[in-house]
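Student: Residue-level listing of the chains:
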Amino acid sequence: MSLTRERHAELKRYAIQLRRLVVESVHHAGAGHLGGPMSAAELLIALYFAELNIDPDRPRDPDRDRFILSKGHSSIGLYAALALRGYLPIEELATFDAIDSRLQGHPDMSVLPGLDMSTGSLGQGLSPGLGMALAARLKGQDFRTWVMIGDGDSQEGQIWEAAFVAARYGLDNLTAILDWNGLQQYGWATEKGYGVLDRLAAQENPLSRWRAFGWNTIETDGHDFPAIFSAFAAAKSHRGQPTIIVARTVKGKGISYMENDFNWHSKPVTDQDLKQAQDELAAQEAAL
Amino acid sequence: MNLSTTGEMLAQRDAFGDALIELIDRDPRVYVLDGDLANSTKADKVSRERPDRFLEMGIAEQNMMGVAAGMATCGLVPWLSSFACFIVNRDLDQLRVVVAQPNLPVKLCGAYSGLLTGKTGKTHQEVADISVMRAMPNMTVLAPADAVEVRACMLVANDLPGPVYVRMTRDPEPVIFPADYEFELGRALVVREGTDITLISTGAQTPRCLAAADELASEGISALVLHVPTLKPLDADAIVAAAAQTGCVVTTEDHTIVGGLGGAVAEVLGERRPTPMQRVGIRDVFGESAPNEDLLQKYGLTPGHVAQAARALLS
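As you go down the protein sequences, you meet chains W and B in turn.
Heads up, the first sequence is in the working numbering, so the first residue is 1 and it goes up one at a time.
Heads up, the second sequence is in the working numbering, so the first residue is 1 and it goes up one at a time.
The set of hints was computed from the structure by calculation and includes no laboratory data.
Cβ coordinates follow ideal geometry from the N, Cα and C atoms, glycine included.
Please note that the accuracy of each hint is not assured.
[To be verified] Computed from the model, here is a short list of chain W residues facing chain B with C-beta under 7 Å:
1. MET109
2. SER110
3. VAL111
4. SER121
5. SER127
6. PRO128
7. LEU130
8. GLY131
9. GLN158
10. GLU161
[As the list claims (entries may be wrong)] Over 10 Å on every C-beta distance to chain W, these chain B residues come out as not near it, computed from the model:
11. MET9
12. ASP25
13. ALA60
14. GLN101
15. VAL240
16. LEU314
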């Protein structure tokens with residue numbers, strides 16, 4: 001996909017708006033995850049505003065593309081994308097985590113149309129995506145299934161069960177996207193302590209792991225729209241294997257004090273935090 | 001109705017394989033997912049006779065449960081073939097999050113339930129599946145008595161809009177139901193009329209319970225036998241009515257007495273009609289590998305054990 005300057009700016013604006021809605025919603029709710037939604041912002045906008053064949057007015061259309069957020073704790077990022085795309089009123093984001101809300105702490109497909117799967121217990125999103133891709137093949141439908149996983153998420157063994165079986169069935173209508181931000185809630189012991197960015201460690205290289213499991217692998221910058229769209233195009237044109245797009249991202253991206261700080265995995269946002277985030281995002285928007 | 005064993009012996013797992021073929025032929029939504037146990041559960045009949053409807057998922061139950069959930073959201077009805085011990089335990093979190101919470105129509109065959117698993121021992125004996133599945137919101141829990149009821153309840157389970165767990169056994173057992181038996185969801189059946197005591201049973205323990213009633217009848221004790229093939233939703237009215245009719249109750253199951261049929265009956269009677277009762281089942285222990293008759297004897301599940309509990313309660 002070639003991006004016009006205007007379209008590129010529009011998508012960047014949506015990503016900024018998503019980040020603003022995330023930080024405002026978590027501030028309002030008094031709790032919530034921030035780092036993950038921020039690292040996934042451009043990927044979510046690229047999917048919901050360009051890639052996915054979807055219609056907010058027909059969220060149950062059997063021929064729609066499917067999207068599963070396996071890293072379900074980034075729910076508020078997905079809700080913000082859905083709201084911007086017209087699945088729910090923007091104002092409804094203020095109900096995040098409130099009693100009777102459709103916007104549960106982790107995505108609940110039984111209450112919110114537009115969610116293709118319930119997730120939240122880590123490692124579980126890829127298998128239903130495999131099931132959807134299989135169903136499309138069995139029913140002769142040509143929709144595509146996308147699953148976003150996290151690097152912490154992929155420490156669960158079930159991800160690798162699904163990786164093995166999806167490759168075994170050669171499901172080229174299934175694309176996983178790894179939001180590879182290199183951090184998780186607490187992390188592993190390193191010489192510098194816990195919570196340290198360690199994605200460069202050789203044993204953590206997801207590309208070789210996924211290749212070993214029989215997947216087509218594509219690496220991309222997860223914050224750069226043209227790079228993301230090239231990766232999407234390459235994934236869709238690949239035949240005979242499922243594809244994983246390993247997207248290099250920055251946890252907390254876009255808010256200076258959150259970037260690469262594992263403490264912002266999940267944390268209440270103070271009034272002062274909110275003000276600074278809003279100011280930074282406003283400056284980014286003005287610079288477009 | 002007054003039922004007795006017909007003399008015919010059939011394995012529930014064979015009925016499972018046959019019923020899957022029947023479901024596949026009548027319902028284009030049906031697919032069978034197998035966790036590398038098809039030649040044990042008898043889902044292998046599908047792989048041979050309807051190979052397009054059979055999907056091998058390998059030894060990866062957690063993934064299999066998730067795959068089933070994804071297929072169910074696309075309008076298919078997946079039937080999972082695995083052992084009860086794995087389908088209840090190995091993928092319990094997957095069952096909870098992507099099947100039960102979204103209330104998806106995934107059908108779970110818990111094969112090789114109870115103690116009689118062909119000398120596999122405690123790792124492969126699932127004696128708490130009723131307790132676990134009963135505690136899972138949105139789940140329908142079935143335990144058919146014989147091969148006829150396996151088929152009959154699968155036909156009903158297939159069309160339910162949510163998840164269903166069907167508890168099945170491995171070895172040939174006495175058939176008690178006539179071939180034209182129709183399963184009614186949520187209904188307990190009086191399979192033997194009686195006035196002195198109520199015996200409440202589920203699953204393949206019911207034929208043994210009927211044998212216990214025969215033994216008691218020879219001593220002049222008239223036992224009502226209530227068969228409970230639907231553990232959830234439970235037919236509380238039938239349990240209360242039977243307890244009211246006879247004034248005392250023995251429950252029996254090839255399952256732990258903690259939270260299973262006995263626990264469920266105690267909950268109902270405790271709240272609605274306190275009644276003297278005894279639970280005959282596995283007494284909070286793990287099993288072991290041994291011949292079936294030895295297991296039934298050691299763990300207290302023979303007709304004689306049920307009859308003895310009835311005598312003790314009556315005296």
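Student: Should the interface hint for SER110(W) be scored as holding, given a Cβ-Cβ cut-off of 7 Å against chain B?
Tutor: This interface hint holds because 5 Å falls under the 7 Å limit.
Student: Using the nearest Cβ pair, does MET109(W) come within less than 7 Å of chain B?
Tutor: 5 Å, holds
Student: Examine each Cβ of chain W, and state whether all of them lie more than 10 Å from the Cβ of ALA60(B).
Tutor: The claim is violated: ALA60(B) sits with its nearest Cβ about 4 Å from chain W, within 10 Å.
Student: Over 10 Å from every CB of chain W: does MET9(B) meet that, or does the non-interface label fail?
Tutor: 37 Å, holds
Student: Quick check on PRO128(W) please, does its C-beta sit within 7 Å of some C-beta on chain B?
Tutor: 3 Å, holds
Student: If we take the beta carbon of LEU314(B), is the closest beta carbon in chain W still more than 10 Å away?
Tutor: 49 Å, holds
Student: Does VAL111(W) hold up as a contact with chain B if the rule is Cβ-Cβ below 7 Å?
Tutor: For VAL111(W), the interface hint is violated, since the closest Cβ of chain B sits about 10 Å away, which is over 7 Å.
Student: Under the criterion of a CB-CB separation shorter than 7 Å, is GLN158(W) in contact with chain B as hinted?
Tutor: 4 Å, holds
Student: Beyond 10 Å from chain W, beta-carbon-wise, is ASP25(B)?
Tutor: Nearest chain W Cβ is 17 Å from ASP25(B), so the label holds.
Student: Quick check on GLU161(W) please, does its C-beta sit within 7 Å of some C-beta on chain B?
Tutor: 4 Å, holds
Student: With 10 Å as the threshold, tell me whether VAL240(B) passes as away from chain W on beta-carbon distances.
Tutor: 33 Å, holds
Student: Please verify that the nearest CB of chain W lies beyond 10 Å from GLN101(B)'s CB.
Tutor: For GLN101(B), whose nearest Cβ neighbour in chain W is about 5 Å away, the distance does not exceed 10 Å, so it is violated.
Going down the numbered hints, you'll see the structure goes against 3, 13 and 14, while the others check out.
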